[in-house]
Amino acid sequence: MQEITRPLHCAVFARSLENVKVLIRGGGEINATQYINGCALLHSACRLGAGIAIIKELVKAGAGVNQLDKYGATPMYYIWESERYGLWIMERMKRRGNFWESKVE
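Quick note on UniProt numbering: the sequence shown kicks off at 1 and runs consecutively.
One or more of the hints may lead you astray.
[Said to hold, decoys possible] As a list, the in silico BS3-like pairs of lysine-lysine whose alpha-carbon atoms are at most 30 angstroms apart:
1. LYS60 to LYS70
2. LYS56 to LYS70
3. LYS56 to LYS21
4. LYS70 to LYS21
5. LYS60 to LYS21
These are computed hints drawn from the structure, not numbers from a lab.
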């Protein structure tokens with residue numbers, strides 16, 4: 001599966017919903033992290049403003065909404081930091097887990 005993980009990260013960076021869907025169906029590792037910053041796909045999507053549709057696809061596919069990156073931040077932290085999506089996406093992601101446990105201050 002490792003060979004699918006990198007293209008899936010690239011699809012998120014490119015904000016390509018169709019490629020994200022294809023790679024998820026192909027077995028991409030949803031919670032695999034990047035070597036450099038420890039960010040999983042959902043972290044990256046939230047940090048980069050990849051779009052609500054991509055975030056929804058990742059969460060629907062089982063992305064770890066409470067997964068911590070190497071800085072101790074959850075994906076929700078990056079939404080709060082960027083203020084791109086506001087309460088709409090935070091409320092929907094909150095339903096999938098407890099986001100209030102991020103270690104980042």
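Report task. Please work out if LYS60 and LYS70 have their alpha carbons no farther apart than 30 angstroms. Result -> holds (24 angstroms)
Report task. Verify the proposed pairing of LYS70 with LYS21, using a straight-line Cα cut of 30 angstroms. Result -> holds (26 angstroms)
Query raised in the report: Is the hinted pair LYS60 and LYS21 satisfied, with a Cα-Cα distance of at most 30 angstroms?
Result: Roughly 11 angstroms between the alpha carbons, so the hint for LYS60 and LYS21 holds.
Query raised in the report: Going straight from one Cα to the other, do LYS56 and LYS21 come out at no more than 30 angstroms?
Result: holds (11 angstroms)
**Report entry** Restraint status (C-alpha distance of LYS56 to LYS70 at most 30 angstroms)
**Finding:** holds (23 angstroms)
Checked against the numbered hints listed earlier, the structure breaks none of them; every hint is satisfied.
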